[in-house]
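Take these sequences, add in the hints, and give me the full structure.
2 protein chains.
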Amino acid sequence: MTQPVAERAYDHTKSLILSGGFAGGELLSEVTIADELGISRTPVHEAFLRLEGEKLLSLAPRRGAAVVPMAPDEARDVLEMREAIECSTARRALGAGALPSAVLAEMAANVDRQRELAAAGDEERFVELDSAFHAILIRASRNATALFFHELLRDRQHRLRHQLLQVGPQEVAGALAEHELMLAAAQRGDADELCRLISGHVRRHRGIL
Amino acid sequence: MTQPVAERAYDHTKSLILSGGFAGGELLSEVTIADELGISRTPVHEAFLRLEGEKLLSLAPRRGAAVVPMAPDEARDVLEMREAIECSTARRALGAGALPSAVLAEMAANVDRQRELAAAGDEERFVELDSAFHAILIRASRNATALFFHELLRDRQHRLRHQLLQVGPQEVAGALAEHELMLAAAQRGDADELCRLISGHVRRHRGIL
DNA sequence: TGACCGTAGCTTGCATGCAAGCATGAGTTC
DNA sequence: GAACTCATGCTTGCATGCAAGCTACGGTCA
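Chains as they are written, first to last, in the working numbering: chain R, 51 to 259; chain L, 51 to 259.
It is possible that some hints are incorrect.
Copies of the same chain are indistinguishable here, so a pair counts whether it falls within one copy or spans any two.
Using 20 Å as the maximum straight-line C-alpha spacing, the simulated DMTMM-like pairs for lysine to aspartate or glutamate come out as follows [stated by the list, open to error]:
| id | residue 1 | residue 2 |
| --- | --- | --- |
| 1 | K64 | E80 |
| 2 | K105 | E86 |
| 3 | K105 | E201 |
| 4 | K64 | E221 |
| 5 | K105 | D61 |
Calculated directly from the structure, the hints in this document are not laboratory data.
What follows is the structure in structure tokens.
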């Protein structure tokens, strides 16, 4: 129940960065964050180190921690990696034959909830499900490294989204339609088509960003 | 010149893990490593956190740090990701037209040195250059995220290599030949062929592992 | 005016101390 | 003999203190 304070420091700082309040270059101070949370510098320092490992912070010895600025083509980079990884894992997941019915059921259930949220206009929760939907396929490929990378990409995309764009109803509708097509392709076991859909899906994001 | 002790702790621990002495599950103690290096627990603790972020250590609160065991198909996972990422970045690097001549020159120079090391039978240094060769192409695509991922993959492959196989003269000769073909394809600007070569190259590794 | 120097205040790096969680084994009870 | 309890020694989590590097600024000197 009691969350370790180091974890709180990590979550807090990470959400500060991902929420898009910082364009990049801003210096975060350990003491500031420690005071905000009412804890000592040590766990904050640890959080900073973890975030540096994720390339979200850049630590300058005895100078401070700078929020890594988003490179001008960070969106392109991230989406390119998503395309490469998701397409590769989808091929593998489908390559061995049909997907397990449990996986297909999970995807279908996810799409159902997407439909509800889209109808309700809850964009925030929709993007969470969007991310989870893609993660299902990756998990089905049983490639732990791919899943690890996907989480890192998700964070970066999160930041891009808050920084650069508002997701509106039409983006949601478009994404939903494409997810439905992807589900259908997965059910048919059509890896080529699924891969094509993923590419289009991701590239459309890129058009938006 | 004076390397921070936290950095030494990180390097030391990481090389312990990557060198293959641990099959996985072994508990590393902060105090043990701190004593080995003659430093206090704090920087060791920080190193452990960073390594947990790279999924090389698994920290159990107040119990210890366990070396993450290599999954039975870790080799497959890692090489699958390498194929996906390298192929994607190669296409992008070549997609915009011919590679800058500086990049081609760097690749050629690298291959030349590979040839020397292969002739000298220096396998250890050869694999370093091997890795650097692949990194050149990724760097040419100017995708920082891809480069980041490639470094993570390199570490894992490093560990796999020490754990599972000895690189012998014939593997070196085969890799060198394939690198030469890749260089030629890059010089011609033939992305499809380059991608095909990368796939074969990586899959041959997989046969070895 | 411009360059230089030193100091004050910031920052983090690291060592240390204390407390608390967790495992293990001895001792007890049934 | 089996289960249960508790104490001991292990581990890490976190706070704190001190030292050292970096920056900026005010003063001095040419």
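Quick rundown of the hints versus the structure:
For the homomeric pair K64 and E80, the shortest alpha-carbon distance inside one copy (13 Å) is at most 20 Å, but the shortest distance between copies (26 Å) is not. Neither within a single protomer nor between protomers do K105 and E86 lie at most 20 Å apart by alpha-carbon distance, with minima of 23 Å and 30 Å respectively. Proximity of K105 and E201 under a CA criterion of 20 Å is satisfied in both settings, with 13 Å inside one chain copy and 13 Å between copies. With identical chains, the CA atoms of K64 and E221 are never at most 20 Å apart, being 26 Å at best within one copy and 44 Å at best between copies.
For a Cα distance limit of 20 Å, the shortest separation of K105 from D61 qualifies both inside one copy, at 15 Å, and across copies, at 18 Å.
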